[in-house]
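Note that the protein sequences, when read in sequence, are chains A and B.
By full-length UniProt numbering, the letter at position 134 of the first sequence is numbered 134, and the numbering carries on one by one without gaps.
By full-length UniProt numbering, the letter at position 164 of the second sequence is numbered 164, and the numbering carries on one by one without gaps.
There's no promise every hint is true.
Claimed, not checked - The list that follows gives simulated cross-link-like pairs (lysine-lysine, BS3-like), each with its CA atoms no further than 30 Å apart:
#1 A:Lys-158 with B:Lys-16
#2 B:Lys-16 with A:Lys-90
#3 A:Lys-92 with B:Lys-161
#4 B:Lys-9 with A:Lys-90
#5 A:Lys-58 with B:Lys-161
#6 B:Lys-36 with A:Lys-239
#7 B:Lys-23 with A:Lys-69
#8 A:Lys-155 with B:Lys-89
#9 A:Lys-95 with B:Lys-23
#10 B:Lys-161 with A:Lys-165
#11 B:Lys-16 with A:Lys-92
#12 A:Lys-50 with B:Lys-23
#13 A:Lys-90 with B:Lys-23
#14 A:Lys-155 with B:Lys-16
#15 B:Lys-9 with A:Lys-241
By construction, these hints were calculated from the structure, which means they are not laboratory data.
Computed from a prediction, not measured in an experiment: that's the story for all the values here.
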Amino acid sequence: MYIKDLHLTNYRNYQDLQLSFADKVNVIIGENAQGKTNLMEAIYVLAFSKSYRTSRDKELVQWEQNYAKIKGTVFKRNQTFPMEMQFSTKGKIAKLNHMEQRRLSDYIGALNVVMFAPEDLHLVKGSPQIRRRFIDMEIGQIQPVYIYHLGQYQKIVKQRNHLLKNLQRRQTNDRTMLEVLTEQLIEHAAIIVEKRFVFLDLLRKWAIPIHQGISDDKERLTITYFSSIDVSETAEREKIKTSYQSAFMNNMDKEIERGSTLFGPHRDDLLFFVNDKDVQTYGSQGQQRTTALSLKLAEIELIKSEVGEYPILLLDDVLSELDHYRQSHLLHTIQGKVQTFVSTTSVSDIQHETIQQAELFEVKNGTIIR
Amino acid sequence: MYYPEPISKLIDSFTKLPGIGPKTAVRLAFFVLNMKEDDVLDFAKALVNAKRELSHCTTCGHITDQDPCAICQDESRNNTVICVVQDPKDVIAMEKMKEFNGRYHVLHGAISPMDGIGPEDINVPSLLTRLKDEEIEELILATNPNIEGEATAMYISRLVKPSGIRITRIAHGLPMGGDLEYADEVTLSKALEGRREL
Ligand SMILES: Nc1ncnc2c1ncn2[C@@H]1O[C@H](COP(=O)(O)OP(=O)(O)OP(=O)(O)O)[C@@H](O)[C@H]1O
Ligand SMILES: [Mg+2]
Ligand SMILES: [Zn+2]
């Protein structure tokens, strides 16, 4: 799949921009603060309906304007269709094929995007939240119904935390309602965790050999799911539910005392090991980078195998962060198959035939001058 | 821009209505100024009367101009089934369907701890009293198919279950996360057929 063209209106520092892209490599070149990341972000937002940089949609709207619009034409499965995201003070509107989609799970997944930005190098070292977001976004774009379950789940957690706080402060002592919310929570938690297990199996299938390749056969990557409850990764939904039931049953008083939900996928994490050593704690910076790169490359292949086509790859400022060896590994993987957007302040950072054959866009202060 | 006080008060009143922003409020206010005086008087009376003459039925909680309401007074209806809904609008939607002949109980909301709404803040206690006093055999829980509506149904079900009353929940054909009042009559009638035991 690829994006044929993009039309931005009042999006960040772009007032009105229309571009047509090459179906292979597109290089966005420009000095700092000219709009390279904004352009990449717009493609990401078109795919996921929200930014990875901010949770406040308002920031996407150009200062002094009251709405922002991203329109793109996507080519996928031999079909061309428009996608559109609009943000205003009234909220956001997602349109697929000219039709407004009321549920985001009906929108996300139409355009598949893998983003690799300097922040992603923290995937291994950073907080669990970053890894949870990684796994959630990736499952979501392959299986949009996951986003629906996740949304429901988050709402239940919020309700349940409020109730636990009320119980903690003795504003109520209605444990029946707590039982109800616990049952609701377990129902969705089990679906989410089961889907994460299935996804991790796929991820391993691709990431382990890729990591082995990049490390020249010297490193063996292991990925494990760290759960807040005692449950095996091979467990099926009913088994997962039973584990949650006993965790909640045995810890009800503790949860009330803390006023917060202590178990569930919102507390889980991913652990990475290289040659059986925890990369987060013991990995060198190089090993952490290799791991992050392996995961991203695995995502590309995983989407290809699940969706049937390669996703669009966004490489924002990241090539210069990778050494020559890792860089060529990355470029070799995508060559000729994946529509890729690369941003850089200078092409001399990147020495590879892929880049030489690329379409060049030079951005200056919110306009494309070349 | 400064409006004379009567207009700004009118604009302010319009903004209190749902879905009306400041711009629309101004448009409506100026429209009223150009209406015939009789029409404006009728309009104002209709507003006041709707509020004054309508109250909630002390039995079922539905909006009514007499107490008990027409549905509660109708002796041809089945006394053994109660359909529990969140909103008076849901009763009207069900009645349009003309397939349900039992009684109703309107909760006026759903349990939602994050909004500070507990079971006693909606018509759950009056439902429990009704179940004790009347001869009810079946309770149909037709709360909205979203998180709060589901939780409310589960909650009521847990409280009522020990009494042996049959409890069903309408399920099929309703969009999850949607509000019942948006469901068209066909899906609603399907939903009623496909109710499941809780
Ligand atoms: N809502 C907005 N309205 C107008 N301008 C904005 C908005 N949000 C961000 N900007 C501006 O966009 C400019 C470009 O930002 P961007 O992050 O795309 O730069 P960049 O080209 O990626 O730079 P770098 O090489 O430093 O990463 C910044 O100067 C910023 O002030
Ligand atoms: Mg940037
Ligand atoms: Zn009544």
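Right, here's what the structure says about each hint:
1. A:Lys-158 with B:Lys-16: 29 Å, holds
2. B:Lys-16 with A:Lys-90: 17 Å, holds
3. A:Lys-92 with B:Lys-161: With a Cα-Cα distance of about 43 Å, the restraint between Lys-92 (chain A) and Lys-161 (chain B) is violated, given a limit of 30 Å.
4. B:Lys-9 with A:Lys-90: With a Cα-Cα distance of about 25 Å, the restraint between Lys-9 (chain B) and Lys-90 (chain A) holds, given a limit of 30 Å.
5. A:Lys-58 with B:Lys-161: 48 Å, violated
6. B:Lys-36 with A:Lys-239: 70 Å, violated
7. B:Lys-23 with A:Lys-69: Roughly 23 Å between the alpha carbons, so the hint for Lys-23 (chain B) and Lys-69 (chain A) holds.
8. A:Lys-155 with B:Lys-89: 25 Å, holds
9. A:Lys-95 with B:Lys-23: 26 Å, holds
10. B:Lys-161 with A:Lys-165: Given that 30 Å is the threshold and the Cα spacing comes to 27 Å, the pair holds.
11. B:Lys-16 with A:Lys-92: This hinted pair holds, its Cα atoms lying about 23 Å apart.
12. A:Lys-50 with B:Lys-23: Within the cut-off at roughly 29 Å; holds.
13. A:Lys-90 with B:Lys-23: 14 Å, holds
14. A:Lys-155 with B:Lys-16: 28 Å, holds
15. B:Lys-9 with A:Lys-241: 56 Å, violated
Consistency with the previously given hints fails for numbers 3, 5, 6 and 15, ordered from lowest to highest.
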